[in-house]
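Asks: So you can see what is in the structure, the chains are spelled out below.
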Amino acid sequence: MTGDTQTTEAAPAKRAGSMGVARNLGLVVALVILCGVGLITAGDRFASTNNIITVLSLASAIGVVAIGMTFVITGGGIDLSVGAIVALASVWASTTGTQAMAESVGWIVIVTTAIGVGIACGVINGLLIAYGKIVPFIATLAMLASARGLAEIIADRKTQIIRDQGFRDALGARPFGVPVIVYIFAIVVIVGWFLLNRTTFGRRTFAVGGNPEAARLAGIKVQRHTVYLYALLGATCGLAAVMLMSRTQTGSSTHGLMWELDAIAAVVIGGTLLSGGRGTVIGTLLGVLIFTTLTNVFTLNNLSTSVQAVAKGVIIVVAVLLQQRLANRSST
Amino acid sequence: MPAPLLQLTGIVKEFPGVRALDGVDLVVRAGEVHCLLGQNGAGKSTLIKVLAGAYQPDEGEIVMDGEHAHFADPQAALAAGIATIYQELDLVDGLSVADNIFLGHERSRFGFSRVSDSNRAARELLVSLGHPEIRPSRETGSLSAAGKQIVSMARALSRQAQVIVMDEPSAVLDPDEVGGLFRVIEDLRASGKAIVYISHRLEEIRRIGDRLTVLKDGRTVAADLPARETPTSELIALMTGREVSAEYPRRTTPLPDAEPLLVVDGLGRTDEFEDVSFSVRPGEIVGLAGLVGAGRSEIVETVYGARRADRGTVTVDGRTLRRGSVDAAVAAGLGLCPEERKSQGLVLDEAVYRNISLASLPRFSRFGATRDSAERSAAHEASRTVDVRPDDPDRVVRTLSGGNQQKVVLARWLLRSCRVLLLDEPTRGVDVGARSEIYTLIRTLADEGLAVVVVSSDIDEVLGLSDRVLVVADGRVVHSGPSAEIDAHNVLDRILASNESSHESEGDAA
Ligand SMILES: Nc1ncnc2c1ncn2[C@@H]1O[C@H](COP(=O)(O)OP(=O)(O)OP(=O)(O)O)[C@@H](O)[C@H]1O
Ligand SMILES: [Mg+2]
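For the protein sequence lines, the chains are C and U, in the order given. One rule links them: number in my numbering = place in the first sequence (from 1) + 85. One rule links them: number in my numbering = place in the second sequence (from 1) + 534.
Chain C extracted, bound-state conformation:
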């Protein structure tokens, strides 16, 4: 080779994405440590098949939202309204009207209503942000307030019981002893990974989040893409509402409280950059599992939720500090 070699390869060679491996490794270590603590403190109560299935089903609904959130954050945005959208979708899909319709047409009506409401909210968020030029924080804060409010109006502050037998049968099933919602979560993770890493849509998401001006100059319709991202997150919120309804058999305006924070925390400790341009679905999956396992270990040991909250905060900080170390080491 010629002298050109040094000019362009001045920095040590680095593959795109290799940093992700180091990151995920740290998370896996954290998860293993957490499981160790669970084993030591709660023994068989922690390691039982039943408990593991409980953890997974608890992780499923919030996990689906966190995968959607990964796309929005990678694309340079943020969405504070996810919990409220979940509530609205669950309430809307469980109103007596919807359930009556489901009786004649089938449980699929409930599912499509929930997802449809989620997408509609996401599209509104996206339009306000991309074309209305409202910063994501504010636009979705407004959605948080109004979607939750609308859910309360529709539900009249009452919890709605889901009576539709078809819905309960279809989503309450447990093939091979594992609840359907866990399968749904697994499918969302796989599809999400493909979408982000193996498709044109994913590439454009990185570009829009990493350098919107460059994306625009490369001929990408940045505004339209932004709307797609929020709509996608809205759809996952709708799906999460369905999963929550199947687990709790209810629709309620208090579903999904504080989910925005849990989802963002999982995404960020997973290694997705809050400033956009870098994101990892696997990291988010690990982040969600870490939080749910943590809650589980605390519950098994009868520790209060307040202690849990403190521990969560500490974990967020430690995880992010750890990642920065690892990332620095692998990049120098």
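Derived by calculation from the structure, the hints in this document are not laboratory data. Positions of the beta carbon are idealized from the N, C-alpha and C atoms, including for glycine. Careful: at least some of the hints might be erroneous.
As the list claims (entries may be wrong) - Pairwise CB distance ranges, derived in the manner of DEER restraints: (1) C:407 - U:713: 43 to 49 Å; (2) C:223 - U:1030: 57 to 63 Å; (3) C:126 - U:881: 48 to 54 Å.
Fit chain U with the ligands to the given chain C structure using the hints.
Replies: Showing chain U with the ligands alone in chain C's frame:
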């Protein structure tokens, strides 16, 4: 003469408070390299952004292939066959090289990206540009500025465009790589493409250009001049409207016989550079010559403490600086004007004067509160000395032209009264007129007793400006001596000689 491929008439573009384009005409034919010339802020980049669909013109018309064209967005211009390499590097750092090249027209089937396919196509493009060593799977953010420029070029080529617009592509390349760029341009010309080429280096325009158009203050002042024959003095007069001396301001008084102010001894960083020693006396200008990637920027950054030295010492006025401490360097009176202005230097959404005074805030504050008027007027004066245009200290830096942004960073370090000034590529992207003013200014500062270190890829500039020159190749100083005793050819010979010998030793080791 072939019919025009592209014809722009009476293009007007206004930004709040500025008429950036005020009736520009441009005619480009197939199979020619058409150069655009003009001072910083003349409107060159704005014009090509109109052409690329990134801006909408307020007036005027574009005719392409004999038909009226309207480019509502960059997509439309790309579809019509106009690809652009922008002045600001416009890549997404987090994506791989191949992803950046095919961004917006990804190689995919039913929306699924075909990774191996696009990696192969990217490799072919990089090889055709003479850079097989850039791997398509590599993360773009880890490339040097020159590497990124190559990727931008590959991206423009990947579009199979009829017209390829290049806005100062050579600014971050060294002479060797500019040669590679020109070979690519010649191939494109031979295959009947049209190239619009922007550069502040007249010698490049002589080498590669066919015809040229000169812009001044947003207007076309001369069109269709022959690029090779038009005399330099005429071009400069057209661009600036005045006479500019092409001479470097030589030392007028003999160097006072003082102790060295800055002494660098045995400085080294593993894998970057080795055993660098030199000293600079007050009033002296020392130049670091060499190719891009030779390690010159790394050397000055290490002297400044921005990178931690593994070996060696930096001494200012007899006191040795703590390794890897910018604070210690600044306290000792060092100032560094970095190479990468955009990422290292500027707060783009702040006013010009605030960017300039950023490094000297303590001087303008009393008990922690800044004295705005003093800050503003001192900064304004500094911006005038480097000729920032327009002359408005309250303007947001983002809205300045590329060359004027460079001048703002330079002004910052001139305002800060340093004792030792390290300048990395002080005239990159700066037009001829302003360049000669910057030279004079650097010389004046030296005459006032500053020790100055200048890094530049323009060998003539290093030699013309400095009293003594160090030639750096492959992270080692291969020559040092008075600038007057060496010429550009000699410098290149020494660099090449050192490359060869180092390759031989590599061969022995293998
Ligand atoms: N986005 C913007 N908003 C406001 N003014 C702008 C904007 N972009 C450019 N300008 C102004 O338009 C004028 C032309 O700028 P342009 O970038 O086209 O110059 P240029 O010829 O490319 O200069 P250079 O050689 O320094 O790159 C300048 O006065 C600049 O300040
Ligand atoms: Mg420009």
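Asks: It remains to establish, for every hint, whether it holds in the given structure.
Replies: Here is how each hint holds up against the structure:
1. C:407 - U:713: 43 to 49 Å: 47 Å, holds
2. C:223 - U:1030: 57 to 63 Å: 59 Å, holds
3. C:126 - U:881: 48 to 54 Å: 51 Å, holds
Of the numbered hints listed earlier, not one is contradicted by the structure.
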